[in-house]
Amino acid sequence: MNEVIMIAGMMLVTFAPRYGVMALLGRMEMPKPLFRALRYVPPAVLSAIIVPSMLLDAQGQVALRLDNSYLVAGVVSAVIAWRSRNLLLTIVLGMAFFLIWRAVVAA
Amino acid sequence: MSDVPPPTRRAEFLAGVRVTIPLAVGAAPFAIIFGALAIASGISPLGAAGMSLFVFAGSSQFIATGLVSGGVSVAIIIFTTLIVNLRHALYSATLAPYMKGLAQRWMLPLAFWLTDESFVVVIARYSKGDASPYKHWFYFGSALLMYTNWQFWTIVGIVAGQSIPNLESWGLDFAMTVTFTGMLIPQIKSRPLLLAVIVAGVCAVLFNGMPNKLGLLIAALAGVAAGVIAEANIKEVPSSQPI
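Residue numbers (the numbering used here), protein chains in the order written: chain A, 1 to 107; chain B, 1 to 243.
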C-alpha cells in the first residue's frame with residue numbers, strides 16, 4: 001500500500017513540471033530574452049549532472065585521484081566524444097575503458 | 001543528425017528512433033541497476049516495474065531506492081523526487097514554443113515521456129530551420145524507444161537483481177556519466193556555452209551537500225545565468241543552432 005502511494009506521488013510530482021510548464025507557456029508569447037536564455041538549459045543541466053558524478057566519491061568528497069575510475073574514464077570519454085563526434089562509439093569505448101581501468105588500476 | 005528527414009510522419013518517427021538508439025544503449029545499464037537496486041532496497045518486483053512504468057525518470061527512481069533502503073518516509077521521497085525532476089520544468093519551458101497548437105492527445109503523452117535524452121535530441125530537431133509539420137513524430141519516435149527500452153531493461157534488472165548478488169556494485173552507473181558526456185560535448189559550440197557548462201559543473205560540486213539534491217537545480221540555473229551574461233558581454237555572435 002505504501003508503495004502505491006509512493007509511486008503515485010512520484011508520478012504526480014514528476015508529471016506536473018513536465019506537462020504544466022509546456023501547457024502554460026504554450027498559451028502565451030514567450031519573451032525573446034527568456035527564449036534565448038533557455039538555449040543554455042541542455043548543456044547546463046547535463047554538466048550539473050555529470051561533473052559531480054565524476055569528481056565526487058561515495059562520501060561526497062572531491063576525489064582528484066587516478067584511482068577514481070569515474071573521473072579518469074569520464075575525461076577519456078569526453079576526449080573520445082570531442083574527437084569522434086560519435087555517441088555510440090563514445091558510450092561503448094568509454095564504458096569499456098571504465099571497466100578495464102577499474103579492474104586494473106583502481107582494484 | 002545534420003540531415004533533415006523528409007517531411008513525412010513515418011520519416012520523422014524513424015529519424016527520432018534512429019538518433020535515440022545510442023541513448024537507449026546508454027540508458028540500458030542504468031535501468032538494470034535501478035531494477036537490481038530496487039529489489040535490494042526492499043521494493044517489490046511489481047513496485048519496481050510500476051515505478052519505471054508510471055514515473056519514468058531514471059535519476060529520481062535511482063535516488064528513491066536509496067531513500068527506501070535508508071528507511072526515509074514516503075513524503076520525503078516524493079519531495080526529493082519533485083526537486084530532482086524540477087529540471088524537467090526547464091526542458092518543458094524550452095520546448096513550449098514548439099508545442100504550441102499541438103492537440104492535448106499529443107501533448108500529454110509527449111510531456112509524460114520527457115527525459116534528459118529525448119529532450120536533447122528533440123530540441124535539436126525543433127531548432128532546425130526546416131518547416132516540417134511533423135516534428136512531433138520525431139519526438140514520438142525518440143520517446144517511444146526510450147520508454148520501451150527503459151521498461152525492458154528494468155525488468156532484466158529486477159530478474160538479475162534477484163539472482164545475481166551485488167549487481168549494483170559493478171559500476172554500471174558509469175553508463176549514465178558517459179552517455180551524458182557524449183551528449184554534452186558536441187553542444188559546446190561557443191564561449192558562452194562553455195562558460196555555462198563550467199559554472200554549472202563547479203556549482204554542482206559546491207552545492208552537492210544540499211538536501212534533496214537541490215544543488216543540481218541551483219547549479220543548472222547558475223550555468224544558464226552565466227551563459228546569458230557572457231553572451232551579453234562577449235558580443236560573440238552565438239550559433240543560431242547551439243544544440
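Quick caveat, the hints were computed from the structure, so don't treat them as lab data.
From the three backbone atoms N, C-alpha and C, an ideal C-beta is built for every residue, glycine too.
Careful: at least some of the hints might be erroneous.
Stated by the list, open to error - Which residues of chain B face chain A? A partial, calculated answer using Cβ under 8 Å: (1) LEU14; (2) VAL197; (3) VAL224.
Stated by the list, open to error - Away from chain A, derived, C-beta distances all over 12 Å, residues of chain B: (4) ASP3; (5) THR8; (6) ALA40; (7) ALA48; (8) SER59; (9) PRO97; (10) GLN104; (11) SER132; (12) PRO133; (13) TYR134; (14) VAL159; (15) ALA160; (16) THR179; (17) ALA225; (18) GLU231; (19) ASN233.
Right, here's what the structure says about each hint:
1. Using the Cβ-Cβ criterion of 8 Å, the hint placing LEU14 of chain B at the interface with chain A is not satisfied: the shortest such distance is roughly 17 Å.
2. Checking VAL197 of chain B against chain A by beta carbon gives a least distance of about 4 Å; that is within 8 Å, so the hint holds.
3. The closest approach between the C-beta of VAL224 of chain B and any C-beta of chain A is roughly 4 Å, which is under the 8 Å cut-off, so the hint is satisfied.
4. Interface exclusion of ASP3 of chain B from chain A stands, the closest Cβ pair being 14 Å apart, more than 12 Å.
5. Every C-beta of chain A lies more than 12 Å from that of THR8 of chain B, the closest at about 25 Å, which supports listing it as non-interface.
6. Distance check for ALA40 of chain B against chain A: the nearest CB is about 15 Å away, which clears 12 Å, and the non-interface claim stands.
7. With a cut of 12 Å on Cβ distances, ALA48 of chain B falls inside the contact zone with chain A, its closest approach being about 9 Å.
8. With a least beta-carbon separation of about 7 Å from chain A, SER59 of chain B fails to lie farther than 12 Å from that chain, contradicting its non-interface assignment.
9. With 12 Å as the threshold on Cβ separation, the claim that PRO97 of chain B sits away from chain A is violated: the shortest Cβ distance comes to roughly 5 Å.
10. At roughly 8 Å, the least C-beta separation between GLN104 of chain B and chain A is not larger than 12 Å, which violates its mark as non-interface.
11. The beta carbon of SER132 of chain B is kept farther than 12 Å from every beta carbon of chain A, the shortest such distance being approximately 19 Å.
12. Listed as outside the interface, PRO133 of chain B is consistent with that label: its C-beta sits roughly 17 Å from the nearest C-beta of chain A, beyond the 12 Å cut-off.
13. With a cut of 12 Å on Cβ distances, TYR134 of chain B stays outside the contact zone with chain A, its closest approach being about 18 Å.
14. No beta-carbon of chain A is positioned within 12 Å of the beta-carbon of VAL159 of chain B; the least distance is around 19 Å.
15. Every CB of chain A lies more than 12 Å from the CB of ALA160 of chain B, the least distance being 17 Å, so the non-interface label holds.
16. Not every beta carbon of chain A lies more than 12 Å from that of THR179 of chain B, the smallest distance being close to 6 Å; the non-interface claim is violated.
17. In this structure ALA225 of chain B is not separated from chain A by more than 12 Å, as the shortest Cβ-Cβ distance comes to only about 8 Å.
18. Consistency note on GLU231 of chain B: stated as away from chain A, yet its beta-carbon is not over 12 Å from all of that chain's, at 7 Å minimum.
19. Chain A leaves ASN233 of chain B outside its interface by the beta-carbon criterion, the shortest separation being 14 Å against a cut-off of 12 Å.
Hint violations for this structure: numbers 1, 7, 8, 9, 10, 16, 17, 18, all remaining hints satisfied.
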